[in-house]
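**Student:** Here are the chains, one letter per residue:
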Amino acid sequence: MNNFSAKKANPLQKFIFNLKKHSGLSIGIIILFAFALISLSPLFITYIEPNKMDLLARLSPPSSEHILGTDHLGRDVLSRFVAAVPVSLGAALFAMVVILAISLPWGLIAGIMGGRVDAIMMRMADIIMAFPTLIFALAIIGFMGASLEASIIGVAAAWWPSNARMIRALVLAAKEREFVRAARLAGASDLRIVFRHIMPQILPPLTVIISLETASVLLALSSLSFLGIGAQPPTPEWGAMLNEARPFFNQALHMLLVPGLAVTLAVLGLNLVGEGLRHLLDQREPYKW
Amino acid sequence: MIKYLLIRLASALPTLLGMTIVAFAIVSLAPGDPIEQELRAMGIVPTIEDLNALRAKYGLDKPFIYRYFDWMSRAVQFDFGTSIATGRTVINELKLHFPATFILAISALFGTILISLALGIAAVASNQNIASFLRALTVVLVSIPSFWLALILIYIFVFYFGWARLVGDGSLRDLILPVVTLSLGSGAALGRVVYERIRAEMCEDYVRLAIAKGVSPAKILLRHITPRIIGPLATAWTNALGALLGGAVIVESIFGWPGLGQLILQAISQRDFPIIQAYLVFMGLGFFVTSLIADIIVIITDPQLRRKNSHE
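One line per chain: the protein sequences are A and B, in this order.
Take 472 as the starting number for the first sequence in this note's numbering and just add one per residue.
Take 3 as the starting number for the second sequence in this note's numbering and just add one per residue.
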């Protein structure tokens, strides 16, 4: 595409041009889209039942029957990988929804109210942030008993304060803009200011935060499942699959590669989308020496 | 400057108090009765009288506030009770496992600092192509889960090359793979912070002036940019310690490193509440104190605060 056509490009060409310019973002979107397709694929393709054991075909390498091989109980690794997409990603997304449900109102109220309310709310968030996040989650799981639900609650409880802090910082910056002050002087109500003037401003940077945080939440949840205190067997979950692979991966490398690559790619997709969006929003250029 | 230090220390106290309340509250609010579960696990079906007697023995029948102060007064004397599973005192269990985790976390912190500086400065100093390659490498390294990285390193270095062993005796040689596993991810994440900090400073006018004056790039980086970013970076590095302490649990479990991570995983599966609680307090305090020390160092080394101080 030469310069001339880039200038006069129709919307589709412009879109493709932008994709090339923001390659990281587009790769990230493609990865996430692929995972969405894979999670929907059981509607169109019949996989082998993910928990069906075939003890005669234990640890068998990839073949035409089992495209990604079988695990230590002779279960099909491909169908377990596919069945794990909604579990692993769904758990991460659900945890993120819980985190936002707490941190968004928390950050908004603290940022808008300011003063003593802000000080007390942020001090409460600081207390939880003073613990190492994963260790706080571990402790909560320890007291609730190991399960996928407990690990989601533990991660959400440990992750919301840092999110609330970031949202508060965004609100503080948004609040100081001239037109927000003008709206306030014109007599707009607090609610109107929040929803009409502040939310639209913090939404783009919030998208970046959500994308990056979902990546770290996914890492944390799969780590917990890997440690055996998240999703419990026989639930297909990538971290749990890797945990089951530990005694055998020397004999069956596919058991190590498939779930590991799945987590890495999903986290990578979320990180690339977050980073790409951030880059899109921040166009400052450094001075060159 | 002393004023700032005092303010920082004073503001730490309520957080500290809050942390102990949170650590205590999690146990009290936990579902299920630990005594009943423990007895059932031993195959005993307890009568109501037995349960009540045992609850009274462990003080579980008293109100929350009372139990909190009771717990606190013993906790400040490092008395966290006895482990339900082993019957040994909790503090002895912690002492036994603490040194291994301490060595691992500190080594990983140094590894993180080295890797982040190397990656960040390399990305700033190199040309467009190498810089974008380094950025891509960083994103990939950040995205690899540490448990998978550890297994891959084990596959390559233990099974394939035979350079390392899996069941070590806790010598320094056995520390290499766990430390590499722990510090690669956080080093890459912080390398991005280093890069972004330097890049943000390079957008400032004083850098433009220095370039115009003909100051060499190395000198701009060391003399002009470093003093301005070292404070925030020190804070970021100490914050990384929190992630390293959490990551240590995973890495210890994989490499069989005999630290607190092993202890806590065992405690979670056995529902050994006193151990979990003491571990949370201990790790929280350790992380908290480190952050406090880092903040104090930042305050002491902040050139603007120092200048203000000498003018006063």
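Quick caveat, the hints were computed from the structure, so don't treat them as lab data.
Here the structure is a predicted model, which is why all the values come from computation and not from measurement.
We treat Cβ as the ideally placed atom computed from N, Cα and C, and that holds for glycine.
Mixed in with the good hints, there may be bad ones.
[Said to hold, decoys possible] According to the in silico footprint, chain A covers these stretches of chain B (three or more CB under 8 Å from chain A):
no., segment
1, 80–91
2, 245–254
3, 266–279
[Claimed, not checked] So these bits of chain B aren't anywhere near chain A, every CB distance computed over 12 Å:
no., residue
4, 6
5, 11
6, 70
7, 72
8, 98
9, 137
10, 157
11, 165
12, 198
13, 234
14, 298
15, 301
**Student:** All hints, please: hold or fail.
**Tutor:** Do the hints match the structure? See the list:
no.: 1; hint: 80–91; in the structure: violated (count 0)
no.: 2; hint: 245–254; in the structure: holds (count 6)
no.: 3; hint: 266–279; in the structure: holds (count 9)
no.: 4; hint: 6; in the structure: holds, 18 Å
no.: 5; hint: 11; in the structure: holds, 15 Å
no.: 6; hint: 70; in the structure: holds, 15 Å
no.: 7; hint: 72; in the structure: holds, 19 Å
no.: 8; hint: 98; in the structure: holds, 18 Å
no.: 9; hint: 137; in the structure: violated, 8 Å
no.: 10; hint: 157; in the structure: violated, 7 Å
no.: 11; hint: 165; in the structure: holds, 16 Å
no.: 12; hint: 198; in the structure: violated, 10 Å
no.: 13; hint: 234; in the structure: holds, 15 Å
no.: 14; hint: 298; in the structure: holds, 16 Å
no.: 15; hint: 301; in the structure: holds, 18 Å
Hint compliance for this structure: hints 1, 9, 10, 12 are not met, and every other hint is.
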